[in-house]
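*Asks:* Heads up: the protein sequence lines correspond to chains L, S, E and C, in order. Terminal number for the first sequence in this note's numbering: 102, no gaps in between. Terminal number for the second sequence in this note's numbering: 118, no gaps in between. Terminal number for the third sequence in this note's numbering: 406, no gaps in between. Terminal number for the fourth sequence in this note's numbering: 175, no gaps in between.
Rather than coming from a laboratory, the hints here were simulated on the basis of the structure. Take the hints with a grain of salt, since some may be wrong.
[Said to hold, decoys possible] A few chain S residues that face chain E, going by a derived Cβ cut-off under 8 Å, partial list only: (1) Pro-19; (2) Ile-23; (3) Glu-94; (4) Leu-96; (5) Ile-99; (6) Gly-113.
None of the values given here were measured: they were computed from a predicted structure. Glycine included, every Cβ here is placed at the ideal spot set by N, Cα and C.
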Amino acid sequence: MIPLSWYLILSAALVCVGVFGVISRRNAIAMLLGVELILNAVNINLLAFWRYKDVSHVTGQVFTIMVITAAAAEVAVGLAIFIAVYRNKRTIAAEDVADLKG
Amino acid sequence: MTISWLYIGIFLVVSLGLPAVAIILAGILAPKKPSLEKSMIYECGVETHGETWVQFKAQYYLIGLVFLIFDIETVFLYPWAVAFDRLGVFAVLEGLLFIGILAGGLVYAWKKGAFEWV
Amino acid sequence: MNFLSDPVTFIGNWLTGLVANLGIPKETASAWVTGVAVGILPLLAMLWVLVLIWYERKVIGRLQDRPGPNRVGPFGLIQPVADMLKIFIKEHILPAGIDRIPYNLAPILAVGGVLGMWIVVPFSATVHGVDINVGALYVIAVGAIGTLGIIFAGYSSNNKYALLAAFRVVAQLISYEIPMVLALLVPVLLARSMGMNSIVQAQPVWFILIAPLAALLFFISSIAEVGRSPFDLAEAESEIVAGFNTEYSGLKFGMFYVGEFLHAFTNSLIFTALFLGGWQGPGAEQFPILGFIYFFLKTVVVHFLGIAIRGSMPRFRIDQVMQLNWKLFTPIALAAFSSAALVEKLATNWADAARIGIHFLVNMIILGVVVLIGGRVFRARGIRLDALAQRNRAAVKFSMEKSHDS
Amino acid sequence: MILDQVIFLITALVIIIAAILVVSVPKMIHAALWLILALAGIAVLFVLLQASFFAVVQVIVYIGAIAVLVIFAVMLTRKAMQDDGPQLNRYSVLAAAVCLMLFVVLTGMLLSWDGASSLPVNPAVHPDTIINLGESLTNPQGYLLPFEVASILLLAALVGAIFIGREHRAGKEEE
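If we strip away everything but chain L, and leave its shape as in the complex, we get:
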């Protein structure tokens, strides 16, 4: 039997890798991939807690559905924005696209 901590440590590691990607990649799409990693780590945690507590309570599963939905929406809109930005500015390096800064 796998103890709960294994899943939690794995997902902590995944979050850290994802955060690194978001902070340090220049390409905006690569930053989005980092966000995907973070959200997947969240899913691992949610399902692990569902499994290691009372499995008849489906809260963990419903939250996973919500996270997947949010991830999909984020990817769809994010990539569309990058494509539009690329069309207008011919770049998707995050630091070059600072127009929206207040």
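Given the coordinates of chain L, assemble chains S, E and C onto it according to the supplied hints.
*Replies:* Positioned in the frame of chain L, the structure of chains S, E and C alone reads:
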């Protein structure tokens, strides 16, 4: 349950391994005489011209986008369909509302010309 | 347990007994035997492809008034073996500038993505692969791996036509996955289960009678998923050389075709299990071998239908493929599924015959409405196109006359 | 059972390596391919957690749809970042240090928590959990609201993304 998934794991490994082994075997059996002329990219009989990664239409992205949204919504209807016996009429109507919202998205994409391939 | 009535279980039990005699506990022995059987199944499926290739070439040949393969062996039966031997010893040409890992992974994924579906197919009352409770979705998920193989092939080949073809094919595959998933939802709803075996067991009355629209949509989209005529845009030679596999050679090229032939048959298996009652038939419960025969016969009929369509339909254009899917199939699939859910809930307590009748009726009404509206739209479009063509003709004539004058 | 621990460790190793490659390889398309491997590994984890529905959803949604969309987007914008340029910005060393520290802190906190080493309450999940899930999704006492909100969210994403991503043709706008 878990043992079934173990079988599926074995099965998937074998199904991926079988073509891999066949290809490796063929690679050993086959003659190997590489030449510059042979390794050139095929392009309707002329030498390849320009960059490989030509620019793609945004249309592909739009199709992928509509697919993604529909895929997610449909997949989440599956548990709902499995639990159908336990649902009341109200819950079924809720599910249909979900589908209705989905259909609204389809109509929007249609009106905005996401499916026109020009 | 009799050998003739259920050979697979008989052999399984015999082998289990043999292993158990070595001093291994009964359950462990059974698990080992099942594991080995599961490992052998892909091999059988791969060998089955040889028969499929011969059969398909023969049928297409007859459809087109040719004899088909007839030189090697009786009725050309050995032809696929000869072809296989030939392709095995052909050189693997590695084109310049390829991306090696995805390039070599692509044919493997293309075949593996199809083979992987076989594990959930219920062949007979006792032999049903693995009965997981998400079988139907598993089929779709494994199909997604095949799509990946095509993207890999197109991207890594360093050939713009291959890439273009891969993008077209992927756009087509992902588009047709939507009506497929929606149509698959109907049998799941009617059986109240995603397990393939439970779906078969829920079909004393075949689901094709209860949900003819869903069956039709599933059938057409599964043809599109295989990428066969009329959806064979992947190999529109006049437009994109040979498609996403242009830069492949030898067995790597052959693997894409193995995948295609196997996919066509696998889809027939799945269609049979979902809509034609699978192994169900008179006496199938008592004599599982009968169930296997019924399943096989039904599958062959469905498979033949697919081949006949392949042999007789012209190719769609890419815009037609896309519009057919999003403007026709997806709305119909949504309507078919919603109506099925509504009828199923409202008619829960009715007699079976009445419930099935209502389901059928509603399906036919939807079909009728679609044909009426669709016919009108297409006729209007045809008139518009005619007018356009006339104007073009007039313009051409005018300009030609002008050039004659001057 | 030792077998599932072995499978877990191998899968975890694959996931972490693939994830690190996702954030570090220079070619965007390779990052997308490594992401696919990481996501497939996570699907295996879901199987180990006996959430088989989510394992197949993971493959269908993430590998079959999101990864394809990412590859499309990479292809559409690929000229923007010539792949040989620097892919990490000037904060990358700092970021790596911060993330490593974050990981150490998180792991330390987890290990000091008593519940971390707990084992599953019941060894085998009853297959009915999918039915429970489906029922609670449209149950007003359950999660009806999140379910419908999710569909609105997806609709909004669809509308927004189509509006942004569509090619505006100069001539067409004036008609």
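*Asks:* State for each hint whether it applies.
*Replies:* Status of the hints after comparison with the structure:
1. Pro-19: Interface hint status for S:Pro-19: holds (4 Å vs cutoff 8 Å).
2. Ile-23: Hint holds; S:Ile-23 Cβ to chain E Cβ min 5 Å, cut 8 Å.
3. Glu-94: Nearest chain E Cβ about 11 Å off; hint violated.
4. Leu-96: holds, 5 Å
5. Ile-99: With Cβ-Cβ at 5 Å, under 8 Å, it holds.
6. Gly-113: violated, 11 Å
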